[in-house]
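Make a model of the complete structure from these sequences and hints.
Given next are the chains, with one letter for each unit.
2 protein chains.
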Amino acid sequence: MQFELTKDFLEEIEKSVQLKNDDFLTSAVFGLHPADIAEILDELNNAEAKYIFERLERDKQADVLMELDEEVRDAFVATLDAKQLALQLENLDSDDAVDILGELTVQRQLEVIAEMDDEEAAELVDLLNYAEDTAGGLMQTEYIQVKLSWQVKRCIIELRKQAEEVEKVYTIYVTDEENKLVGLLSLKSLLFAEANTRIEDIYISENVISVTTNTPDEEVARIMDKYDLVSIPVVDLQKKLVGRITIDDIVDVIREEAEKDFKMASGISENVEANASIWRLSRARLPWLFIGMFGGILGAQVIGNFEIQIGQIPALAFFIPLVAAMGGNVGVQSSAVVVQSIANGTNQFSTIFSRVKKEAVLGMLNGFICAVVIFLVTWLLETPMLGITVSLALFIVIFFAAILGTLIPLVLHKYGIDPAVATGPFITTMNDVVGLFIYFTVGMLIFGI
Amino acid sequence: MQFELTKDFLEEIEKSVQLKNDDFLTSAVFGLHPADIAEILDELNNAEAKYIFERLERDKQADVLMELDEEVRDAFVATLDAKQLALQLENLDSDDAVDILGELTVQRQLEVIAEMDDEEAAELVDLLNYAEDTAGGLMQTEYIQVKLSWQVKRCIIELRKQAEEVEKVYTIYVTDEENKLVGLLSLKSLLFAEANTRIEDIYISENVISVTTNTPDEEVARIMDKYDLVSIPVVDLQKKLVGRITIDDIVDVIREEAEKDFKMASGISENVEANASIWRLSRARLPWLFIGMFGGILGAQVIGNFEIQIGQIPALAFFIPLVAAMGGNVGVQSSAVVVQSIANGTNQFSTIFSRVKKEAVLGMLNGFICAVVIFLVTWLLETPMLGITVSLALFIVIFFAAILGTLIPLVLHKYGIDPAVATGPFITTMNDVVGLFIYFTVGMLIFGI
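Sequence order for the protein chains is Z and F.
At position 445 of the first sequence (counting the first as 1) the number is 451 in my numbering, and the numbers step up by one without a gap.
At position 219 of the second sequence (counting the first as 1) the number is 225 in my numbering, and the numbers step up by one without a gap.
It is worth saying that the hints were derived from the structure and are not from the lab.
Treat the hints loosely; a few may be bogus.
Any copy will do: because identical chains look the same in the list, a pair fits if it lies in one copy or spans two.
Capping the alpha-carbon separation at 30 Å, the derived lysine-lysine pairs in DSSO-like fashion look like this [claimed, not checked]: (1) 232 x 13; (2) 245 x 66; (3) 194 x 246; (4) 66 x 21; (5) 167 x 56; (6) 167 x 194; (7) 21 x 420; (8) 420 x 13; (9) 232 x 194; (10) 56 x 364; (11) 174 x 245; (12) 232 x 56; (13) 174 x 194; (14) 56 x 266; (15) 364 x 266; (16) 21 x 232; (17) 194 x 153; (18) 13 x 364; (19) 186 x 420; (20) 167 x 186; (21) 13 x 363; (22) 266 x 363; (23) 363 x 159; (24) 363 x 420; (25) 246 x 159; (26) 420 x 364.
Here it is in structure tokens:
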């Protein structure tokens, strides 16, 4: 029942394109859901994809275009001339059209806009002004709007006109004579109302949630998620209704946000796909590796100060990786918890102090458990003196790493910096260096060297 | 316009509760959106929260209950007796009610169910049978259903009955006489149709997407995301319609999935909130720390084999943290990219071989750049011989770490294991040990010791 793209099916499609076997394509491909067709085109080369795309119905072409992988779509759009592209954009929702338009050079934007219907072109030009990561940049201008003073019968007539353009209708927006948003109307209530009922008597005016064009996209996501909305009206600074944002666009924001934290924690800059070029991939990763190298060099300096001690007791060097790794791991754990609870807005009023206190207690507990284990192991493998050194150092390192791991993202957040930069390589590196210093200092004191 | 919970407002609420100042609470709190009230209750203590909760309208109570933080809600539910809880559950959507019911002991479940209306109780008992992480466990039994053979006027009469129970109507499901799902009907088309139009003539039968009760929740999320759906019908194995899943529940699945990867990469077991008890937090983190310790002990064994060499050239020890950290960082980067592209289903047909080849080239490139930098630094700070040793070892370590970091999650995925376990502490630890072995072997060969 569900469509699943198999390797065999893909090969059959490729063969049919090469042989120009349109009969097979018509029966097996053209009738599929646009998202499924896009999944197929993502796997084909540009020429094959274009062959299929050109044979789709006009309406379906636009839908398929929006479902393509971004890189595939960009390559595809580049092969269309201004007139062809203008036609495609006219068939898209305005938020999707402006996404594609925004990727083009200014010169090409002008060419494409010149080929478009004047009214639609004006709308897109307006939308282009909003920053991509704001409500204005996410919104579409297709929505259903009725006036407070209307009766149900007039609504239904107007709706019929508007609904042709609006693909998915979730909520009807109610505005006053000045076009200011005053409330909502559910399709359900309209369906059950008498023809001469006044909108005033059936609309919802309480707790109407909207965002303004300059609301950041992450804030829009937070609001839609909090209030379980599938669409949200967007108003300008005068409270006039100018657009709506639907949940499918917000799901992308939510996922990107979550993935950003994951990438940061893994030491990869944002916005690089696995199929990007080697050079782009290299550039995305090198900064984090340089942080690691810088930390490694600092670590070498720290250890360098203890050269004589290592010469006397080489066994001290054995546990360098353990101490460094544990400091890094504990720091990342603590910072990840803080980053996540900041992102989720949980316990927003617990103070920095109470957080740090909790992590400190946790650090002591985990530090103690780890210290006991490592003491027994080191005693067994080496000497009790080394056991005391390593376990005492480990306890202190874990304790400090937990505190630093908590404090740094909290402080960054307080000063408006994305705390996610503190997880991953940054905090690992810092805790490595601090950990080494603690370890050798403890070693020096205990061995008296 | 937007509600924002400030510290001052919260203190005012706390004071009003203590003074039993219901006037203030009525004007400032009780009229808020359920999600906002829940946000307030999350910050209060149990007794204060209960004071406010008990004074809310019955309908609002249920909505507020569902919006509470899970831990707060559990504590809250524990204070209700079976009869009170049964009343709350009857006001909830079935998917939410079963979530709360599922958290209780079997004894308490029986008590609560005994207090409920028979029909609703039977529905919940059915729903309890589905695994939480399947479509059956996510679905609600409230949906709008019409028969293929009906006319529009009959639909509207039936809808009026059904719609009372269904809070949000997105799509109407069309079934045949055997209750099998045959298509969809948009509210829009119903609104514009004549009273005696037959459903057969206006329903959508093409590309109707549904899931079965045993579809895993992640798969449901993937499908709803791919096809941009706000709700999806759930059918049983005989294709009979049994429920629907709405996007708000799926947003949670998507976020949890993304957060799970982040937590794994940061070395934290799933499902532990920042405000959990110290013991639970400790237990969630210790396994990863033990992996790190085990790696550190292995690392100590590796270095231990080179005790004599370190005694001769203690400077070799200086760069242990650098080599270990870089292996870990590169491995995590490579594995994170693989984990993400598996999760997003991109390039599903590129072979393991081509992936590994790309990461190997990337590893060589980044390894070469890092090696040149570290050679210059080490030469400056120490000796050219050490410079050659560290830079050559670093190049090899980065190269191997990139390959291992790519290969391990791909292989895990092939054998049906969640590749996310391979990121974070696991891969860091492994690359630490391998890296140390490479480093000292290179050092031995170059210094001829």
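Hints, one by one, checked against the model:
no.: 1; hint: 232 x 13; verdict: between (41 Å within a copy, 19 Å between copies)
no.: 2; hint: 245 x 66; verdict: between (35 Å within a copy, 28 Å between copies)
no.: 3; hint: 194 x 246; verdict: both (25 Å within a copy, 25 Å between copies)
no.: 4; hint: 66 x 21; verdict: within (23 Å within a copy, 60 Å between copies)
no.: 5; hint: 167 x 56; verdict: neither (34 Å within a copy, 50 Å between copies)
no.: 6; hint: 167 x 194; verdict: both (19 Å within a copy, 12 Å between copies)
no.: 7; hint: 21 x 420; verdict: between (59 Å within a copy, 28 Å between copies)
no.: 8; hint: 420 x 13; verdict: between (51 Å within a copy, 16 Å between copies)
no.: 9; hint: 232 x 194; verdict: both (23 Å within a copy, 27 Å between copies)
no.: 10; hint: 56 x 364; verdict: between (58 Å within a copy, 27 Å between copies)
no.: 11; hint: 174 x 245; verdict: both (24 Å within a copy, 26 Å between copies)
no.: 12; hint: 232 x 56; verdict: between (42 Å within a copy, 21 Å between copies)
no.: 13; hint: 174 x 194; verdict: both (15 Å within a copy, 9 Å between copies)
no.: 14; hint: 56 x 266; verdict: neither (32 Å within a copy, 38 Å between copies)
no.: 15; hint: 364 x 266; verdict: both (27 Å within a copy, 23 Å between copies)
no.: 16; hint: 21 x 232; verdict: between (49 Å within a copy, 26 Å between copies)
no.: 17; hint: 194 x 153; verdict: both (17 Å within a copy, 19 Å between copies)
no.: 18; hint: 13 x 364; verdict: between (52 Å within a copy, 22 Å between copies)
no.: 19; hint: 186 x 420; verdict: neither (36 Å within a copy, 55 Å between copies)
no.: 20; hint: 167 x 186; verdict: within (21 Å within a copy, 34 Å between copies)
no.: 21; hint: 13 x 363; verdict: between (55 Å within a copy, 21 Å between copies)
no.: 22; hint: 266 x 363; verdict: both (28 Å within a copy, 26 Å between copies)
no.: 23; hint: 363 x 159; verdict: neither (63 Å within a copy, 65 Å between copies)
no.: 24; hint: 363 x 420; verdict: within (18 Å within a copy, 43 Å between copies)
no.: 25; hint: 246 x 159; verdict: within (24 Å within a copy, 37 Å between copies)
no.: 26; hint: 420 x 364; verdict: within (19 Å within a copy, 40 Å between copies)
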